[in-house]
Amino acid sequence: MAEVKVENVSVRFGRNLVLKEASFQVADGELCVIVGPSGCGKTVLLRTVAGLTRPLEGNIYFDGKLVNDVAPSHRDVAMCFQTYALYPYMTVRQNWEFPLRAVNLAKEEIQQRVAKVMELTHMEPLMNRYPRELSGGQQQRVALGRALVRRPRVFLLDEPFGNLDAKLRVELRATVKRLQMDLGITTLHVTHDQVEAQAMGDKIVVMAMGTVQQVGTPEEIYEQPANLFVAGFFGTPRMNFIPCELKRDGGRLFFVHPAFTLPVPPHQVAAVEAGISDTGLILGIRPENVSISASPQPDAIPVEVYVLEPQSNELIVDLAFGDMILKSRADRDELGFEPRLNQKVYARFASDFIHVFDRESQLRIA
Amino acid sequence: MSQEAIVSQRAGPATAVEAAAGLRDIWWRRILFVPTIGLLILLAIVPLIFSLGVSLFNYSLGSRAIWVGLRNYINLFTDPQFWLATRITVQFTVVAVSIEVVLGILFGFVMNQRFTGMSVIRLIVFLPMMLAPFVVGLFWRFMFDQTFGIVDYLLTQLGLPAIPWLIHPFWARVAVVIVDVWQWTPFVTLLVLAGLGTVPTDLLEAATLDRASNWMKFRQIYWPYLRFPLLLALLFRSIDTLKMFDLPFILTGGGPGNYTSTLSILGYRQQIMFFNVGMAAAISWVVVIIINIVTNILVRLITPAKAEQVHTGL
Ligand SMILES: Nc1ncnc2c1ncn2[C@@H]1O[C@H](COP(=O)(O)OP(=O)(O)OP(=O)(O)O)[C@@H](O)[C@H]1O
Ligand SMILES: [Mg+2]
Chain W
55 MAEVKVENVS VRFGRNLVLK EASFQVADGE LCVIVGPSGC GKTVLLRTVA GLTRPLEGNI
115 YFDGKLVNDV APSHRDVAMC FQTYALYPYM TVRQNWEFPL RAVNLAKEEI QQRVAKVMEL
175 THMEPLMNRY PRELSGGQQQ RVALGRALVR RPRVFLLDEP FGNLDAKLRV ELRATVKRLQ
235 MDLGITTLHV THDQVEAQAM GDKIVVMAMG TVQQVGTPEE IYEQPANLFV AGFFGTPRMN
295 FIPCELKRDG GRLFFVHPAF TLPVPPHQVA AVEAGISDTG LILGIRPENV SISASPQPDA
355 IPVEVYVLEP QSNELIVDLA FGDMILKSRA DRDELGFEPR LNQKVYARFA SDFIHVFDRE
415 SQLRIA
Chain U
961 MSQEAIVSQR AGPATAVEAA AGLRDIWWRR ILFVPTIGLL ILLAIVPLIF SLGVSLFNYS
1021 LGSRAIWVGL RNYINLFTDP QFWLATRITV QFTVVAVSIE VVLGILFGFV MNQRFTGMSV
1081 IRLIVFLPMM LAPFVVGLFW RFMFDQTFGI VDYLLTQLGL PAIPWLIHPF WARVAVVIVD
1141 VWQWTPFVTL LVLAGLGTVP TDLLEAATLD RASNWMKFRQ IYWPYLRFPL LLALLFRSID
1201 TLKMFDLPFI LTGGGPGNYT STLSILGYRQ QIMFFNVGMA AAISWVVVII INIVTNILVR
1261 LITPAKAEQV HTGL
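The listed protein sequences derive, respectively, from chains W and U.
Residue 55 is where the first sequence starts when you use this note's numbering, and the numbers rise one by one after that.
Residue 961 is where the second sequence starts when you use this note's numbering, and the numbers rise one by one after that.
Simulated from the structure, these hints should not be mistaken for lab results.
Watch out, some of these pointers could steer you wrong.
[Stated by the list, open to error] List of simulated lysine-lysine pairs, DSSO-like, C-alpha gap at most 30 Å:
1. LYS170(W) x LYS1177(U)
2. LYS119(W) x LYS1203(U)
3. LYS1177(U) x LYS161(W)
Computed from a predicted structure; not experimentally measured.
Please take these sequences and the hints and turn them into a complete structure.
Printed below as a string of structure tokens:
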């Protein structure tokens, strides 16, 4: 068990700087999810923590002790490789026993651990198969299991559910989260799935293009995204972004768009005034914070129903205004009416959930 | 079902035209084999059968061949010279090849490391293998010389007794083994390096993070990828040493006495010195049989058990 600190870590391959001054800290026993699109440097970051990749600069600390020069085998981390890296000439059981035999664990203990992981990953009928005799998803569970049998200082899980079917993925998500909590082992969990990140993380590190975009709890990341990238990455459908200008009229501030004018919510006025530059801003509003009604409302924008996407008990409505599409999401029974295609309706933004970003720097203003 | 139908079925969706083309294709392929097979028969099988035939005759060059049946073989098996040569040949093979394999593995692992200057070291290490055995024999004979040789010079400098390398029955054999090891360890090293190159890095990384000991890594990670190259090395080296001729011939001339005379040297003497072609052919057939047995045993021993079969890409 250990607190992990990553400090200004940069990694270079040839001419490419694939990790740029990444910094974050994971408390002892915390489950930290590292999330970002493909190729953003998640695996590289994990390998650097494991010691398999040497950083160009920056430091890694375990429990406050610098481990830059500690060999990978002495860092006591268990890694689930994205490529699985299963030992091809060992059965599933032997693959799992390998790390335990390596440290001369007692026979009964080995059997117990393997049995436990076998149960968690539903591998009972496959224990004596060789990796090549397993499907991709089964191989992935073996890879995950080979990490979970250990009791290391840090778990490093690199997209451990990437190849599983939706049902198993959701199940294992909960299983791993619970196991991690019970064991209290610090975990870095990599995924490119924002839902998984939200579901599992005590803390989320959002990455893009080799840089850390934001570090925070799932709530912080969702409610106060640090920039346009983070705002757009979390949430389905993604946040609506509407380019606006700011206008002062008789002591009040307004967001101005060719199709509408909205007063800046009172609690945001100060921040907007302080943060605004003359490049304009982008107003962000999540689909679930856009409500629609059939009749005009104060501060509502007249729009037209463009596409209807029913989803179980919810309805996602694409609304056209000007040359833009605004997405709205609502419980069907809370809508109060049945929207039809091309119907003229009115969209209202929940004023407590308006996000304001600078158009140039893309950073959050309010 | 007609053959045409079978062909078209195998080729997937096929029209009659394509099926006919497929059939022509098969015949064409067979025809292409004819020169190869013809050449093989002419160059390999005919001499083989001829030598088998000769071994059943008392045939000296320049005289008439007389049918003696198995008499050559019987004479051979009752000749202590033959048994000595067999023993020496097997000794050379077992000792030299074992040392070459062990050293080859060691060198392979050392040279698999990456650091600057490695390419130069590799070149130097592989040099002996590139020399003609004749040259190797000559300069080692010089180095082993009791009066002028550098080996004994170094030994005496170290305060050790000089060794009568090429004239003592035991030390002469040691000398042959040393030179064979010197020349052919690089070959084993090369094959080990090739095998090491096929070990997937992520397996090594996984084993490292799993804190496997060096022995576990060698046995569980590297070994399956080394089995096949090592089998090749063992086969090539065993076959080569079982036929060993030029090295002892130049280094010691088969002496002292006959203590470095291999089967090949024995056969050579029969033919060249005693003009006994039939006997020489018989000896060469004994060598062929020994090699065959050894090869078969090796292949059985080292062919990966099903469980350990991995695709090595070799
Ligand atoms: N060994 C390497 N040599 C050169 N470039 C590399 C190497 N490993 C990774 N990269 C580059 O570093 C960048 C980040 O790679 P990384 O594997 O960390 O992505 P990732 O975030 O894990 O993506 P994914 O979700 O697809 O696994 C990529 O642009 C990749 O091309
Ligand atoms: Mg990756």
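- Query: Going straight from one Cα to the other, do LYS1177(U) and LYS161(W) come out at no more than 30 Å?
  - Reply: Within the cut-off at roughly 20 Å; holds.
- Agreement of LYS170(W) and LYS1177(U) with the hint, judged by alpha carbon distance not exceeding 30 Å: 26 Å, holds
- Item | 30 Å limit on alpha-carbon distance, applied to hinted pair LYS119(W) and LYS1203(U) | Not satisfied, since the Cα-Cα distance of roughly 62 Å exceeds 30 Å.
In the structure shown, a violation is registered for the earlier hint numbered 2 alone.
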